[in-house]
Amino acid sequence: MTETLLSMVDVEVSIPTANGDVVPLQGVDLDVRAGETVGLVGESGSGKSMTLRAALRLLPERAAVSRGDVRWRGRSVLRMEAADLRRYRGAEVAMIFQDPVAALNPMLTVERQIVDTYLANREGDATAAREAAHAALLGLDIPDPAGVLGRYPHQLSGGMAQRVNIAMALVCEPDLLLADEPTTGLDVTTQLQVLDLLERRVRDEHAALLFISHDLRVVARLCERIGVMYAGRVVEFGTREQITQDPRHPYTRALLSCADLAPGRRPGFIRGQVPSLTIRHELCPFRARCDHVHDACERLPPPRRETTDGHLAACHLEVVPHG
Amino acid sequence: MTAEATPRSGLAGNRRRRWLRPPVVILAVLVLLAVIGPAIVPHDPVRPDPMNALQPPSWQHWFGTDNLGFDVFSRVIYATRVDFSLALIAVLIGGGIGSVLGALAAYRGGWLDTVLLRVVEVVQSFPVFLFGIALFAAFGDGQRNLVIVIAAVNLPLYLRQIRSALLPLRTAEFVQAARCAGLGPTGVVVRHLLPNARGQILSLFALTCAYAIQIIAGLSFIGLGIEPPFPEWGSMINAGASYIIQGIWWPSVFPGLAIVLSVYALSGLTSERLSSGPGGAV
Amino acid sequence: MSENDTVPSVPSRAPGRSGHRVIAAWGRFLIGRLALLVLVLLAVSLLTFGVTRATGTPLYVAVGQQATQEMIDARAEALGLDLPLWQQYSNYLQNLLRGNLGQSRRTFTPVSQDIAERLPATAELVTFSILVSLLWALPLGIRAARKPKGFAARIGEGLAQFGVSVPGFWLGLLLIFAFYYLLGLFPAPLGRLGNVPRPPFVTGFFTVDALLAGQVSTFLTALWYLALPAITLSFTSAPPIFRITRSSVSGALRSDFVAAARSYGIAHRLVMRRHVLRNAAPPVMNLVAMTFGYLIGGAVLVEVVFSWPGIGLYAVRAMDFSDYDAVLGVVLLSAVIYVAIYFVVDLVQYLLDPRLREG
Numbered sequence: 001m002t003e004t005l006l007s008m009v010d011v012e013v014s015i016p017t018a019n020g021d022v023v024p025l026q027g028v029d030l031d032v033r034a035g036e037t038v039g040l041v042g043e044s045g046s047g048k049s050m051t052l053r054a055a056l057r058l059l060p061e062r063a064a065v066s067r068g069d070v071r072w073r074g075r076s077v078l079r080m081e082a083a084d085l086r087r088y089r090g091a092e093v094a095m096i097f098q099d100p101v102a103a104l105n106p107m108l109t110v111e112r113q114i115v116d117t118y119l120a121n122r123e124g125d126a127t128a129a130r131e132a133a134h135a136a137l138l139g140l141d142i143p144d145p146a147g148v149l150g151r152y153p154h155q156l157s158g159g160m161a162q163r164v165n166i167a168m169a170l171v172c173e174p175d176l177l178l179a180d181e182p183t184t185g186l187d188v189t190t191q192l193q194v195l196d197l198l199e200r201r202v203r204d205e206h207a208a209l210l211f212i213s214h215d216l217r218v219v220a221r222l223c224e225r226i227g228v229m230y231a232g233r234v235v236e237f238g239t240r241e242q243i244t245q246d247p248r249h250p251y252t253r254a255l256l257s258c259a260d261l262a263p264g265r266r267p268g269f270i271r272g273q274v275p276s277l278t279i280r281h282e283l284c285p286f287r288a289r290c291d292h293v294h295d296a297c298e299r300l301p302p303p304r305r306e307t308t309d310g311h312l313a314a315c316h317l318e319v320v321p322h323g
Numbered sequence: 001m002t003a004e005a006t007p008r009s010g011l012a013g014n015r016r017r018r019w020l021r022p023p024v025v026i027l028a029v030l031v032l033l034a035v036i037g038p039a040i041v042p043h044d045p046v047r048p049d050p051m052n053a054l055q056p057p058s059w060q061h062w063f064g065t066d067n068l069g070f071d072v073f074s075r076v077i078y079a080t081r082v083d084f085s086l087a088l089i090a091v092l093i094g095g096g097i098g099s100v101l102g103a104l105a106a107y108r109g110g111w112l113d114t115v116l117l118r119v120v121e122v123v124q125s126f127p128v129f130l131f132g133i134a135l136f137a138a139f140g141d142g143q144r145n146l147v148i149v150i151a152a153v154n155l156p157l158y159l160r161q162i163r164s165a166l167l168p169l170r171t172a173e174f175v176q177a178a179r180c181a182g183l184g185p186t187g188v189v190v191r192h193l194l195p196n197a198r199g200q201i202l203s204l205f206a207l208t209c210a211y212a213i214q215i216i217a218g219l220s221f222i223g224l225g226i227e228p229p230f231p232e233w234g235s236m237i238n239a240g241a242s243y244i245i246q247g248i249w250w251p252s253v254f255p256g257l258a259i260v261l262s263v264y265a266l267s268g269l270t271s272e273r274l275s276s277g278p279g280g281a282v
Numbered sequence: 001m002s003e004n005d006t007v008p009s010v011p012s013r014a015p016g017r018s019g020h021r022v023i024a025a026w027g028r029f030l031i032g033r034l035a036l037l038v039l040v041l042l043a044v045s046l047l048t049f050g051v052t053r054a055t056g057t058p059l060y061v062a063v064g065q066q067a068t069q070e071m072i073d074a075r076a077e078a079l080g081l082d083l084p085l086w087q088q089y090s091n092y093l094q095n096l097l098r099g100n101l102g103q104s105r106r107t108f109t110p111v112s113q114d115i116a117e118r119l120p121a122t123a124e125l126v127t128f129s130i131l132v133s134l135l136w137a138l139p140l141g142i143r144a145a146r147k148p149k150g151f152a153a154r155i156g157e158g159l160a161q162f163g164v165s166v167p168g169f170w171l172g173l174l175l176i177f178a179f180y181y182l183l184g185l186f187p188a189p190l191g192r193l194g195n196v197p198r199p200p201f202v203t204g205f206f207t208v209d210a211l212l213a214g215q216v217s218t219f220l221t222a223l224w225y226l227a228l229p230a231i232t233l234s235f236t237s238a239p240p241i242f243r244i245t246r247s248s249v250s251g252a253l254r255s256d257f258v259a260a261a262r263s264y265g266i267a268h269r270l271v272m273r274r275h276v277l278r279n280a281a282p283p284v285m286n287l288v289a290m291t292f293g294y295l296i297g298g299a300v301l302v303e304v305v306f307s308w309p310g311i312g313l314y315a316v317r318a319m320d321f322s323d324y325d326a327v328l329g330v331v332l333l334s335a336v337i338y339v340a341i342y343f344v345v346d347l348v349q350y351l352l353d354p355r356l357r358e359g
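Residue numbers (my numbering), protein chains in the order written: chain A, 1 to 323; chain B, 1 to 282; chain C, 1 to 359.
It is worth saying that the hints were derived from the structure and are not from the lab. Note that CB positions come from ideal geometry on N, CA and C, so glycine has one too. Any given hint could turn out to be false.
As the list claims (entries may be wrong) - Listed next, the in silico EDC-like pairs over lysine to aspartate or glutamate satisfying Cα-Cα at most 20 angstroms (straight line):
1) C:Lys147 with C:Asp256
2) C:Lys147 with A:Glu61
3) C:Lys149 with A:Asp21
4) C:Lys149 with A:Asp196
5) C:Lys147 with C:Glu157
Said to hold, decoys possible - Residues on chain A that point at chain C, a partial pick, calculated with CB under 10 angstroms:
6) Ala63
7) Arg67
8) His154
9) Asp246
10) Ser276
11) Arg280
12) Cys297
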């Protein structure tokens, strides 16, 4: 049994505002094991990015984890001291952000930023850092590493910048890579290139990957296990095959039909709107839009049903009927 | 058994409380004084009484008397009208012209826009008081020049504000949509753009009036603008300046407090601040 | 620039852009900015020239009551007033460029000399007042950005509001009243050194000159006299600096690249230095430089209150004497200094921010 690296248990994140609390995460459960690729799928506002932030304890101002725990190799991340947290970030878990150019300091060269990251996370001096930076760029199929190293972020194209970011993350030699919709801002051909690179490098480094996206097709292609998020919680979790071929939650079903992945169905759409995150939902947050809703849904919170092979779904229904 | 959190709002309560905030109340009092003040002052503000000079505050003279025997309290009240009305007129003139220019710049665009912006940028940052001094050197003293200085200072501010409010006229999609629906450019301005900018324009108005009062006071302090014996806060402070060093504080302190109160009342009306440039205020 | 480098070598330092292209970009920028500077100064000189012509009394004043038309004409010719306007302006400009600002009617010395004598006083006052402002505006601004509801934020905003609402000249008087009259902690507003003899001239800054000459007590006295006026003036200059620092640092703190740096476990201090402050600094430095330029002309009122012998006080005294040449001389000099600083600031920003070099 491979070791569980990251484990998030019933994580709730709340942000106090002048008009009451906003609760972007309402009870997230997920885990990532060594060397595996896990995907997290959901609409905007479902809490995907916030989940990654919580994993690194990089929440926005005034946001805090109000319930649950985040554990790395069994130790609680939320209770780490500052020094441990710094070591955890980068050397153990590294993140790639959505807007590649914005994630780089506009005043510093690429080389400077990669070198800083190296020095913060690995043993070695500046020369070793520069060599590593050069090698990292080479490893991402960048034809002119020396030239790119000397450039400033605004001089890079989106695809190139994202490769730089991936290089920077990999230079830390993390055990887990978090990717926050890394290809969403890029054009389609560049997307495929970057995804391929990411997949290959993660495999080469034997690192785990937690990849989030709103695009189920990308996630299904890349990830061995997939989690589906809705309104701040994970409503279904399972292997790629389980999710795409035997979805146990109506929302997953709906997503599949929208992405045209459901076997033999016409592409569909989901009526209604994403529920507000200023309310803590005790009952199922999807019940207003669900095609299969019934009275149990209005009375009791949905149970987390788990099958023996690790397929989890938070729904009252045992089997989702086709229809 | 849903846990629904009720959002805290209460628009009705908020609205009522907004109109009773200290700055609003103070401003109302000041405007009242500006209007009826001269009629209700206890002592004649322009009749000197040398026998009574430099008396400290007392029941007879709430703010004391100055070096010529004037009752400071009456003069402070009287000056309210002077400062406020001058400020208002000057701001309206400068703001009016500036707004028209800004609208032109926004609508026409091109080189006119660039030129105006550049000119405004440099003019705006030039020290106000030196500009005032030069103007007075050229054209003599008096209220008219005071108004010119303040209008000149306000022009760039309103130009930029109106220009940024009307800029969408050229490019924004919702404008094009409105045009497709048959609305002419004036209609777009009146129905869409101005309402959006209304809050900012009102804020600007309040703040520039406050700034104008400070400029009037400052210029009068160095002897330009309103001349004694006509009551004005700045010139009153000047008259009392040589005495405060000897411990006679009331001729200078009270007019200053009036200025601070006016500025506080006017700028308290808004949540925006007017100090983006190097000069800040005076 | 993107040659395919098939042999993976390890460079000691990554090469930048090709040399000549960089210089060409700089050149274009410099020329553009210089052109603007020249244009502005021309405009100001035109204005002041207009003023000298508008204040047309000199002729009659010079000639006196018994003037006949001939005497007036002769005088006009002597003064060059019969020449066409553009030629008068050209002469005027030439005079300016030679540093001839006319003669003061009050002191009977050349205006340029008067100004040169007094400029260091204003410069010293402005320098120290900016130092005082930075002393509290910077740290409070940074703190306020990190903790928007904290103590520092509240004090900073309070002081800023105070500085903007309270007239500088009145505040100066209050400070004199409190700290000189009531508490006796600071000297009377009698200028820069009171009765103490000046230190030997090097820079014109009494503080610096005293230190250079080893006269510690003179140095302290100069500081003592500088204190109140500098503090008064700092209330004018500090609020915008505080607010810009706060908003600039706040923006940098919220940026993606700071989040990214923290996510890589980079130490907090390094994050602040390399990422936050380096990105937040340019607008602040910009403002500080502009404030300096502005205050050279804008310290007038404070100089009057404290009888500080700078160019502002000189201009006001000239006003009272209808000494137009002197007033215009001060206005012109302030404009030149302000625009020059504006130009230097632009240049420095261009050098420091890699994004601007793209043209």
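Consistency of the hints with the structure:
Between C:Lys147 and C:Asp256 the CA atoms are separated by roughly 19 angstroms; this keeps the pair inside 20 angstroms, and the hint holds. At roughly 9 angstroms between alpha-carbon atoms, C:Lys147 and A:Glu61 fall within 20 angstroms of each other, so this suggested pair holds. Restraint check: the Cα-Cα separation between C:Lys149 and A:Asp21 comes to about 18 angstroms, which is no more than 20 angstroms; the hinted pair holds. Of the supplied pair hints, the one linking C:Lys149 and A:Asp196 is violated, its CA atoms being roughly 46 angstroms apart against a limit of 20 angstroms.
Restraint check: the Cα-Cα separation between C:Lys147 and C:Glu157 comes to about 13 angstroms, which is no more than 20 angstroms; the hinted pair holds. Checking A:Ala63 against chain C: minimum C-beta separation of about 13 angstroms lies over 10 angstroms; hint violated. Evaluation of the A:Arg67 hint against chain C yields a violated restraint, the C-beta minimum of about 23 angstroms exceeding 10 angstroms. Residue-level restraint check for A:His154 holds (minimum Cβ-Cβ distance to chain C is 5 angstroms; threshold 10 angstroms).
The restraint placing A:Asp246 at the interface with chain C is violated, with a minimum CB-CB distance near 36 angstroms, outside the 10 angstroms limit. About 24 angstroms separates the beta-carbon of A:Ser276 from the nearest beta-carbon of chain C, more than 10 angstroms, and the hint is not met. Hint status for A:Arg280: violated, given a least beta-carbon distance of 25 angstroms to chain C, over 10 angstroms. Hint status for A:Cys297: violated, given a least beta-carbon distance of 38 angstroms to chain C, over 10 angstroms.
The structure does not agree with the numbered hints 4, 6, 7, 9, 10, 11 and 12 stated previously, though it agrees with the rest.
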